[in-house]
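Visitor: What follows is the residue order along each chain.
Number of protein chains: 2
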Amino acid sequence: MIAEIISIGEELLIGQTTNSNASWLASRLNRLGIPVYRISDIADDPGQILEMLGLASERADLVLVTGGLGPTRDDVTKTAICQFFNCRMVTDPAVESDNELFFRKRGLEMNELNRRQSLVPEGARVIRNPYGTAPGLWFEREGKLLVFMPGVPHEMKHMVEDHLEAYLKARFAGNHIIHRTILTQGIGESFLAEKISDWEDQLPDHIRLAYLPSPGVVKLRLSAAGPDEAFLKKSMDEAEEVLRNLIPQYIWGRDDERLEEVVGQMLAKAGKSLATAESCTGGHIAAKITGIPGCSAWFRGSVVAYSNQVKHELLNVPNEMISRFGAVSREVAEAMALGARERLHADWSVAVSGIAGPDGGSPEKPVGTVWIAVSGADVTESKLHQFGDTRERNIVRAGVAALGMLKKLLDKRGGQTNW
Amino acid sequence: MIAEIISIGEELLIGQTTNSNASWLASRLNRLGIPVYRISDIADDPGQILEMLGLASERADLVLVTGGLGPTRDDVTKTAICQFFNCRMVTDPAVESDNELFFRKRGLEMNELNRRQSLVPEGARVIRNPYGTAPGLWFEREGKLLVFMPGVPHEMKHMVEDHLEAYLKARFAGNHIIHRTILTQGIGESFLAEKISDWEDQLPDHIRLAYLPSPGVVKLRLSAAGPDEAFLKKSMDEAEEVLRNLIPQYIWGRDDERLEEVVGQMLAKAGKSLATAESCTGGHIAAKITGIPGCSAWFRGSVVAYSNQVKHELLNVPNEMISRFGAVSREVAEAMALGARERLHADWSVAVSGIAGPDGGSPEKPVGTVWIAVSGADVTESKLHQFGDTRERNIVRAGVAALGMLKKLLDKRGGQTNW
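So the sequence lines, in the order shown, correspond to chains F and W.
The first sequence lines up with residues 209 to 627 when you count with my numbering.
The second sequence lines up with residues 209 to 627 when you count with my numbering.
Heads up, some of the hints might be wrong.
Same chains, same label: a pair holds when it works inside one copy or across any pair of copies.
Said to hold, decoys possible - Restricting the straight-line Cα-Cα distance to at most 27 Å, the calculated cross-link-like pairs of lysine-lysine (DSSO-like) are:
| no. | residue 1 | residue 2 |
| --- | --- | --- |
| 1 | K427 | K286 |
| 2 | K442 | K377 |
| 3 | K365 | K427 |
| 4 | K313 | K403 |
| 5 | K441 | K591 |
| 6 | K477 | K616 |
| 7 | K441 | K480 |
| 8 | K352 | K477 |
| 9 | K313 | K591 |
| 10 | K573 | K365 |
| 11 | K377 | K403 |
| 12 | K620 | K313 |
| 13 | K480 | K286 |
Source of the hints: derived by calculation from the structure; they are not laboratory data.
Every value quoted in this text rests on a predicted model; they were computed, and no experiment measured them.
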C-alpha cells in the first residue's frame, strides 16, 4: 500500500518556490502508515501531467496531486485530468454557489475567471474549498485513488485535514510506520555517531536510524514499520531510553518539538518569565518564541538593540563599558542580559551580541564571533562562540545556542523547589 | 539541453525535511539557461537510486544528485554509484589529507567513520569540500554529466558556486532563459488577473506569465526562452513597463527583492532611520529587517512588547489608554509607533498590535484583528486589518502590510527634498 506525490508548477522547476506542500503531505501520509515511494515535481504542461499520472497510478495505490487548479491561464491541470480520464468539463452547482458566497462575503464582484472555477471534470467527486475558489477533485478508478488539490498551501491542508485523512485512515488501515526523532544540540554528526555506535549496532532489525544535521542541531530519526503498532512503539521506547541514558547532555527534545517550546514549557511550569536582548540575532529569537501559541503567559518581550544608544538607554549598558570592551564582549552581553531582566521585568533573560556578517569582522573578532549570556535571579553565565561566515546560519546557530544554554541552566533548577 | 535533479533522502519522503536543495539548484540552473525537466525525491535505497540514475541520464544531459554521501550507515549513494558505473571504491589522497586537516584545525581526533569519507568510486573526478568531509563526485559518460553532492545545503552550495557553475556556463552556453518576477501587494490573485487581462492578451508568444500567490503578496512571473538574450531582455522590459503603468499602486518590487530591503534602500538613500514596536508580530519584522546585511546603517532596533507593562515603560503608552481602548486599538498602535520613534531615536517607525491567535479573540476583536501604525516626523497613519485564523499567516501578513504601508508613505516623500 504505497503513495506518490506529484507537485505541478513551473515555479518548482525554476527554483522560485520550495516544495513545502510535498513535505507536508508526506508527513501526513506517514502518520497514517502510508509510505511515500516518490515525490515528483513537474511543469504545468498537459503532456507531462498525463505521463506522470500514468506512471504514478501504476506504481502507487494513492496519488496526491497539487497545483495548477487556479483561475489563471497557466493552470492546466483540469485540462490534463479530462484527457487522462477521457471526460468533459461540467459546472458543479455546489462549487458555483460556494464561490458566489465566497465573493459576496468579501463584498467583491465575481469576474469571468472566478466563474470558470466551478467547472470540474465530469465524474469527479468534488472537495469543497471554503478558503479559496478551486475545489479539490477526487477520483477512484480500478482500486486506485487519485486526488487533485490546489497548490495554495492552506487550502490544500484544509482539504487533507477535513476530508482526506479520515477516509485514508479507514481505507488504508493495517500497516504502521512509526518515526521518532531525538533532537540533540552541542555535538557534531560524526562524533555523535561514534559515541552511539554500540547502541546503533544493537538496534533491532526493524528499527532504522538516520542522522539529520541542521544549523546547531543534529536530529536522530528512528523509523520502524510493521503490522503490530504496540510492538513497534515498545521497541522504539526501549531504544530511546538506552540512548537517553547514553548522551543525556546533548538531548533536548523529541519529534517536532522546538527548543523554544521546550524552554517555554519549563518556564511556564515554574511560573517564571523570560525576556531577550538581541543585537546580532535582531529579533530572531523573539520571533521564534512568539511563534508559539500562548507564549504571552511567560514571554515578556525583547529589546532588539541594533545601536549602542539603544543598548545604553533601554538595556542599561554603560557607555564606558561599550567603548572599553566593544559591543561584542562578555561584559556587554552580560550587561544586556541583566538590563533585559530589569527593564522587561523578567525572571530570566538571554542576550546575544555578535558579528553576523558579512561585514563588521576584524582580525580579533572575525565574522561569526558571538557572545551569549543568560541571566537569572542568582546566576549569570556567558559563553563565547565562533560560528561560521554565513549571516543567516550565524543568526540561526546563535539562537539555538542561546536557548540551549538557557535550557541547561533551567535543567539544573528542575530538582529545586524554589527558583 | 536539459537537466534533472535527484534528491536522495528518506527525510524527504517522510516529510521531515522540505527539499530546499532542489529549488536552490533549479534556480541556479535556470540562470545558466538550463531548464530543469523534473525533480525527483527518492529514498536512500540503492535499487531506487540505480533506477532513477538510469531514467534521468536517459532523459537529461545533466543530472545533479544530492544526499546520501555522509559518514553514517544510512548513506548509501556511493554504493549505488559503484553499481551504476560498475566500479570499485578507492582512497583519494587529496580528500584524505583535506579531511585530516579539517579535523586538526578543529582540534578533533578522526574516527573510523571520518576516515572512510576519503573512499570514492574509482574514475570519479573529486570536488573537494572545505566545509565538510564528503567530497562531491563528478562523472562524464557518453556526453552526459552526472554530479553527486552532499545533502548538507551549504556544502552543496559551495560546490556549485565554486566548481560547477563556471564549467556549466562554458559547456551549456547557447540557450537563454530569462525570468522576471513583478512583486505586488494589496490585491488578490483573480482581481489582479482581471485588471491585467488585456496586457496578458498582448504579451508576445515567447513570453509566458504565471501567478504565484503567497501570504500578503502576489508575484507575477514572466518567462522567456530563446537564443537571443538581448531580444528577450528587451521584450521583457517592454512588457514590464506597460504593466508598471497599468497597476503602479500594487507593485513594490521585482525578482528576489524583499519588501524590507526595498524599504531599507529608500531609508538609507534619504539618510533616515527606522525602529519597530511589535506586539503580535513578536520580533518577526525586526528579524526580517536584520536578515539584510548592512541594515545597521538605518535600523535602530525594536521593542517587542508582549506585555502591557513593557508597552507602557519602554514605549511610553499610557496605562489609561490601554485600559480604555484595549491593547489592540488604533490609539495604542499609534502610541507604540510614536514611542518607538522617541525611545529608539528613529526617524520612522512601524507598530503592530493584534491578535495572532489561536487564542485571545473575542466577538468584537476576533483572531486576525490587527492594527498597524506608521509614524514619521510629521505624519502618523494607522489602519485596521482583518486577516485570517492561522497564527503563522497572520504574523507574516501583518509584517507585509506594515512594511507595505511604510513604503507607500516613503514613496510620497520620494519627490520631496527634505524628509
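Visitor: Could you run down the list of hints and mark each one as holding or not?
Guide: So, going through the hints one by one against the coordinates:
1. K427 to K286: between (40 Å within a copy, 22 Å between copies)
2. K442 to K377: Classified as within; 22 Å inside a copy, 54 Å across copies.
3. K365 to K427: both (26 Å within a copy, 21 Å between copies)
4. K313 to K403: between (60 Å within a copy, 21 Å between copies)
5. K441 to K591: neither (39 Å within a copy, 52 Å between copies)
6. K477 to K616: Within one copy, since 16 Å is at most 27 Å while 45 Å is not.
7. K441 to K480: neither (34 Å within a copy, 59 Å between copies)
8. K352 to K477: neither (49 Å within a copy, 60 Å between copies)
9. K313 to K591: Only across copies: K313 and K591 sit 21 Å apart there, 55 Å inside one copy, limit 27 Å.
10. K573 to K365: Between copies only: 26 Å across, 46 Å inside.
11. K377 to K403: neither (39 Å within a copy, 44 Å between copies)
12. K620 to K313: For K620 and K313, the Cα distance exceeds 27 Å both inside one copy (54 Å) and across copies (33 Å).
13. K480 to K286: Neither way: K480 and K286 sit 55 Å apart in one copy and 51 Å across, limit 27 Å.
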